[in-house]
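With the hints as your guide, set chains E, D, V, H and L onto chain Z.
Number of protein chains: 6
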Amino acid sequence: MRPNSAKRKLLAGESVNCGWLSIPSSYSAEIMARQGFDCVNVDLQHAMTGFETAVTMLQAIATTDAIPLARVGSHDPAPMMKLLDAGAYGIICPMISTAEEAEGFVDACRYPPIGSRSYGPARGVLYGGADYVSCANDEILTIAMIETGQGVENVDAIAAVDQLDALFIGPNDMCMDLGKAPKAESDDPDVVAAIEAVLQAGNRAGKPVGIFCSSADAALGRRSAGFRFLVPGSDANSLTGIAREAVAKLS
Amino acid sequence: MRPNSAKRKLLAGESVNCGWLSIPSSYSAEIMARQGFDCVNVDLQHAMTGFETAVTMLQAIATTDAIPLARVGSHDPAPMMKLLDAGAYGIICPMISTAEEAEGFVDACRYPPIGSRSYGPARGVLYGGADYVSCANDEILTIAMIETGQGVENVDAIAAVDQLDALFIGPNDMCMDLGKAPKAESDDPDVVAAIEAVLQAGNRAGKPVGIFCSSADAALGRRSAGFRFLVPGSDANSLTGIAREAVAKLS
Amino acid sequence: MRPNSAKRKLLAGESVNCGWLSIPSSYSAEIMARQGFDCVNVDLQHAMTGFETAVTMLQAIATTDAIPLARVGSHDPAPMMKLLDAGAYGIICPMISTAEEAEGFVDACRYPPIGSRSYGPARGVLYGGADYVSCANDEILTIAMIETGQGVENVDAIAAVDQLDALFIGPNDMCMDLGKAPKAESDDPDVVAAIEAVLQAGNRAGKPVGIFCSSADAALGRRSAGFRFLVPGSDANSLTGIAREAVAKLS
Amino acid sequence: MRPNSAKRKLLAGESVNCGWLSIPSSYSAEIMARQGFDCVNVDLQHAMTGFETAVTMLQAIATTDAIPLARVGSHDPAPMMKLLDAGAYGIICPMISTAEEAEGFVDACRYPPIGSRSYGPARGVLYGGADYVSCANDEILTIAMIETGQGVENVDAIAAVDQLDALFIGPNDMCMDLGKAPKAESDDPDVVAAIEAVLQAGNRAGKPVGIFCSSADAALGRRSAGFRFLVPGSDANSLTGIAREAVAKLS
Amino acid sequence: MRPNSAKRKLLAGESVNCGWLSIPSSYSAEIMARQGFDCVNVDLQHAMTGFETAVTMLQAIATTDAIPLARVGSHDPAPMMKLLDAGAYGIICPMISTAEEAEGFVDACRYPPIGSRSYGPARGVLYGGADYVSCANDEILTIAMIETGQGVENVDAIAAVDQLDALFIGPNDMCMDLGKAPKAESDDPDVVAAIEAVLQAGNRAGKPVGIFCSSADAALGRRSAGFRFLVPGSDANSLTGIAREAVAKLS
Amino acid sequence: MRPNSAKRKLLAGESVNCGWLSIPSSYSAEIMARQGFDCVNVDLQHAMTGFETAVTMLQAIATTDAIPLARVGSHDPAPMMKLLDAGAYGIICPMISTAEEAEGFVDACRYPPIGSRSYGPARGVLYGGADYVSCANDEILTIAMIETGQGVENVDAIAAVDQLDALFIGPNDMCMDLGKAPKAESDDPDVVAAIEAVLQAGNRAGKPVGIFCSSADAALGRRSAGFRFLVPGSDANSLTGIAREAVAKLS
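Chains as they are written, first to last, in this note's numbering: chain Z, 1 to 251; chain E, 1 to 251; chain D, 1 to 251; chain V, 1 to 251; chain H, 1 to 251; chain L, 1 to 251.
Isolated chain Z, as found in the complex (with noise of 0.2 Å):
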C-alpha cells in the first residue's frame, strides 16, 4: 500500500503542513496540491462541496505527492466509509467533545476486527493499491477536532483513545463555544487557556496537535509553540485575501 507519508511524519514527531480545500472544484484542488504541501484536506463541513466533486479532488491531489484528507461533516460514520472508499487517505472528524465520540469516530475508519469499517474500497485500492484492505487500519490517519469547552474538559481521555492519532483545534468554534468572538488568533486568556490544554494533553498522551492558522505566519507562530499539523488558512479565504487587495491597490 502507498505509505501515507504525511501519517509517518507525524508519527516520526516532525510537523506538517495541510492545504485546505473549501471551493468545490477539481482544478484548484490539483493547484493547491501541487504547491507542496504534505497533505491536503478536502472540506465538506462548511465548504461547499458535497460527495462527487469531493472525489475529483480526491483525484485531483492524487496526481501529486501531497497525501488526501477529508473533514466531514458530523459524527454519521457512513460518509466518514464513504470518503476512505474514495481514496482519502484520512479523517477530520468535527466537536469531538468525548472519548465515547472519538471511539466511534475510530471505529468507522477502522476494518475489523478493530473496527467496523464495511468493505468496499472502490478507490482506495486504485490510490493505495492491491493491499489496501490489509494495510488500511496502519495508513488512515484520524484526526479528532477538539473545539468545544467539554473537549478539553475531555481531551485527556479523548487523546487516550486507542486508533485516534490526532488532534486539531478549531480555534474559531472553540472562542464561540466558550462565549468569545470567534477568531483565529484569539489572544482572550480562557481561549488560550483551553488552546494550551490540548497541546498539552496531545504531548501527554504523545499524539501530535494540529490548528487552523489564518495565514502561513500564523501557522509559523503555532508551530513554534509546538503544533505539529498546520492549517495556514483555506484556499475561499486566500483566494478573499488577495482580491481584496488587489481591488484595493486598483481603487
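Please note: incorrect hints may appear among the correct ones.
Under the rule of at most 27 Å between Cα atoms (straight-line distance), these lysine-lysine pairs were calculated in the DSS-like manner [said to hold, decoys possible]: (1) L:249 to H:249; (2) D:249 to V:249; (3) E:183 to Z:180; (4) E:183 to E:249; (5) H:249 to L:9; (6) V:9 to D:183; (7) H:183 to L:9; (8) H:249 to L:183; (9) D:9 to V:180; (10) E:249 to Z:183; (11) D:249 to V:183; (12) D:183 to V:183; (13) E:183 to Z:249; (14) E:249 to Z:9; (15) H:9 to L:249; (16) V:180 to V:249.
Facing chain E, according to a computed beta carbon distance under 8 Å, are these residues of chain V, among others [to be verified]: (17) 47; (18) 73; (19) 74; (20) 94; (21) 172; (22) 196; (23) 200; (24) 203; (25) 205.
These aren't lab readings, by the way, just hints derived from the structure by calculation. By construction, the Cβ of each residue, glycine as well, lies at the ideal position given by its N, Cα and C atoms.
What follows is chains E, D, V, H and L alone, placed relative to chain Z:
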C-alpha cells in the same frame, strides 16, 4: 435594462478593473465578484470551465454589483450568443487580427438590424430586465483581444470597427506570436513596441485599451501608462502564488 | 447583515408567500425567484436536488430580493448547518412531532451561546455581509413542519420552543399520518381539525403558521383563514399542470 | 430500430405537438415528456443547457413514448452528430437561409452514402436498437429553421433539399431580421407574409411546416392555419407565467 | 402502478439477476440496464455515486424493463425516502444485524399506516404512475443485507420482520466481521456456515435470499445452492477485469 | 517537462496500447488508466463526454503512468487547444482527408513559431511541469485519423505533414465511407486494401500507424500486421460485452 456600469465607466473615460475567473466554480466566482471589482470575467478559453458551470458563475457574479463578462475560445458566434443569453454583459474575443474578424465578432453580439444575434435571452432578461432586447445593443460590451503581430499591424482598422467597444491585449500570446518568451510584463523591445502601438491606436480611435497583468502592482503600472481595462491576474494564479508562498514559509 | 425581509414581515404580522423549488436547476430557481415571491425555498427532502445544486440555486435566488430558504430531509443537524453556511436564510425542518425535536432543530440553526451551530459561514458572509456571525441568530428563520398526529398533540409545546420562528403544515403527510388519502386541501374532518389546531396553537403562541397549498387560489383561501406563510404549489407541479393542459388542448 | 413515431405522423400528414425544454434538468425534462407530447425538444441554442445535461434529458425523455429531439446552436456538424449519437431522434437546426446551408445540415444527419455522419451511435443503439445504423437515415428527423428574410427568399430551394424533412419557423428571430419587434404571434404584415410564404412553400414541397408559439391557444390557431409541427411555448416560459400569476394573486 | 416485475418474480419463487452499478454515470447505467438484467442496483454505499447522479441513473434504468434499485449507505431513513421519491423500486440496506434495525429500515420504505415514509413521490409517480401512492407499499422491494456475525445470530428474527421482502448477503463484509480475509466466494468454514445459515433462515421464513458474487459463473453456483437474488459482480469490477486482461494480452 | 512516454515509445519504433474512454466518469477513467495501458484516450467525439468531465478524467489518468490523450469531434482548433490546456498530452483528430486538414490540425497543437496554439496551459503546467511551454511542441502527440476514401487517396501527403506524429484508422467510418457495412475488423477487400494502404504510407513516411480494434485479440492481430498504436475496444463496449454475457449465463 440594468445599466452596464463597467461599459459606462469606460465610455466616460474612467478605468475599470476586472477580476479573472479560471477556476470553474460558482463559489470562487462569488468570492471574487464580492471583493469590489468593476467587472469579472468568466474565461472559457484557457480555463477549465464549460458552459453550464459558466452559467452558475454568471449567476454568482449577478449577486453583486460587478458586471459579468465572458471570454470565448474562438471566433465562433454560437458560444458568444449563448453566453449573452446566459446573462454575460460583455464578450471578450481572443485572437482578433483583422477588421473582418472584429466585424464578425461584434455582429454576433448585436441584435438586428445592427448585427445578427439570434433572439432568446433566457437569463439575459432575468438579469437585465424586461426591456433587455431593446437595450442590449447599447449595454453589451464588446472587447477584442489584440495578441498577434498581424493584429498589431491591423490595429487601426480593428479599432475603427463600429460597435467594437474596447481593445484588450493578451501579452503572453503577443510575446509568443512575436517569437519571444511569454511574459505578462515583458521588457522585450518588440513586445513593448507592439503593446504601445495598440495603446496608441486605441487612443486615436477614442476606444479604451486593456491588458492582462500578472498582479495588482503590475496593473497599477499599466494604468499609469494609459491602459483603462485592467486585469490584475487570475484567481488560479493568485491561489498558486499564495499557496506556494505558504508552503515556502512552512518548509 | 442583510436583513431577512421575510422574517421581518412575519414578525410584523404580515403574510409572506414562498416559491417552492423541486426542480434541481439554478436557472429555474432564478426564474421563480425573479417573479416577486417574498421568499423561495430549495427543497432537499422530496425534490431531486442534492447539496451542490442547492448551492447554485441559493446563489440564483440571491440575485433577487427574494429570501432564500431550504428544506432539509431529516432532523440531522449537519445538513442544516451546511445549508446555512451556503447562504440559506432559513431552514424548514420536516416531521417535528415533539418539543424536543423542535429544540434540536433550532439548536442547529443558532450559534452559541443560544445553540450549537458550528462556525464557518462560507457563503453566508458573501450573501449576508461581514457582520453575519454576530447577527445570524436574529435573522435566520426557523420553521418547523407539523405534519403528524403526534405533532398536533404536541403543537403547543412545539410552538412554545424559544428560537422557533414559525410552524408550517405539510397537509399531505398530515393526511397520511391520520390515515387519510393525501390531499393538499382535504376536507376530511379529522384533517381539517388537525390543521385548525395547529393554526390556533400558532395564534396562541404568537407565531405565524404556514401551509403548503396546491395553487395560488388555494393559498388565497388559506390566507383568508389566517395562515401567513403561503406556498402556492411547487415549480414541478406547476410545470406538470401547464404541460398537461397544453397537450390536452392540442389533442 | 424503434420507429420515430413523430416523423411517421408528419409523413402521414398528421400534426404533432412538441414540448420545448429550456431548463437544464433531466427531472423537468421527464415531467414534460410524461405529459403526452408527440415529441420533446432539448434546446441547446438559447437554453442554459450543455451537452452532458442534454444527454440526461434525452435519457429522461426516453423513459416515455415522446420522441426526443435536440436543437443545436449553429450549423457546425459536430454537435449535431454528437447529439444523434446521444440518442436524439431528430435535429432542429437554426438560421437556415440557403439551400447550401440546408444541404450541409442534412449531410451531418445522414450516414454514408447519403451524408457524412460519422459512425459511433453510443446511446443511439441503446435507445434505437441493434439495427440503428442501417435504419437511422430513415428514422432521424431533420428540421430546418426558417427565421430570416433570406431564408424566406430561398424557402422553395430549401424545402426542395432532399433529406430535409420539415421546416420550422422561429417567429421572434423572423421579426427581428425583418426589422420588427420580436413577438411569437406578431400581426405585423411583413411578418405575417413571411410566415405565410414559408407555409406555402412547405405545402408546395409536400413538407410539413412548424412554428414556435407562445401558448397552447396560439398553437391551436397555428394548427388551424395549416402548421403541423407545433410548440406551445417552453418550460421556462410556462414556469415564468404561472409563477408571475401566483405572485400577482397573492399580492 | 407499473408492477415491480423483479419483486413479483421473487414472490413467485423465481430467481432474479441484478446488475450492480458502481460507476457514477447514467450512460454506463443505461448500458448495463439494457443487457437484460431483471433489476439493476445503483450503489450509494461503496460506489463513487452521490444523489443527483443516482437520479440520472435511475432515469437511465427506467428506459428499459429492468427494475431500478438503490443501495443506501446507512440506516438513516432520509436517503431511503429520497431515493424512493426518485423512482427507486427497491432499497438494499446494509449491515442489518438485528430485527429492530430491519424494522426501522422497512418503516422508512412504507407509507402510513404501515410505516412512516413521508409523502412526496416526485419521480415515483412519473415512473410508477398516477396511483403510485396507493400501491407503493406493495410494489417497493425491501432487501436487508446480512453481513455480520450478529446478523447471522439474529437472522431468524430479521427474516420474520413483516414488510421485509428479502435477505442479501455481503460476503466480503461477512468475512471481515468473522475475522477472515474478504473474499466473495470464500471457502472458509465459518464463512460458509454463516452464509448457509442465512440461506436456511430465508427458506424457513419463505423469503428469498441473495448474495453478491464475483462473476456470472460464481452466481450460477450460488443459484444452484438455492440463492435467488444474484449479483454477478459490479460494472467497476467487470471493467477492471477486462482492461487488465487486455493489457496482459498486449504486453 | 514530464516526458510523453507513449510518444517516445512510438518514436523508438515500439508499439503502444491505448485504453479508450467512452463513459463520462473520472472513476471509470481511473480504473482503466490503472490497468497498465501506455496511454488512455478521452473520447469527445462519439462518447457521452463534455469538456468539464473530460478534465476530471484527464486528472484521473494523471494519477497513473498512462499518458492522457483526447479525441476531439471536429477540425475546430478551439477544443483542441482547450484540451491541451487541460493536460491532454496528445490529440486524436477525426476525419483527416487532406494534407491541408492535417496542417490545420497540427497548427492548433503547436505553439508559435511552429503553430498558432494560444498561450494558457492551465493544467498543462500542473501535469507537465514548469517548463511546459518551452517543451510542449516536442512532447504533445498529434494523431490524425484516416477514415475516408479521400483520406486514403491523400494519405502520403497527409503522412508527410511536418509535426504530424501518427496516423490512426477508424475502421467503422472507413467501411461506411467506402459504402460497406461498418465493422472493426472487416474482411471486405476494399476496406482491407484501404487499411493496408494507410499502413504502407505510414511505413514509407516513417510514422506509426494505429487502428481501433474490437478486442485485445483483434489488436494482437493488427499488431502482428504492423500497426503500432492499438486500441483494444472501448470501456463501453467492454462493459456491454461482459454484462450481456453475464445475463446470458444466468438466463
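Next item on the list: Of all the hints given earlier, name the ones this structure violates by number, lowest first.
Entry: Hints 3, 6, 7, 9, 12, 16, 22, 23, 24, 25 contradicted; others consistent.
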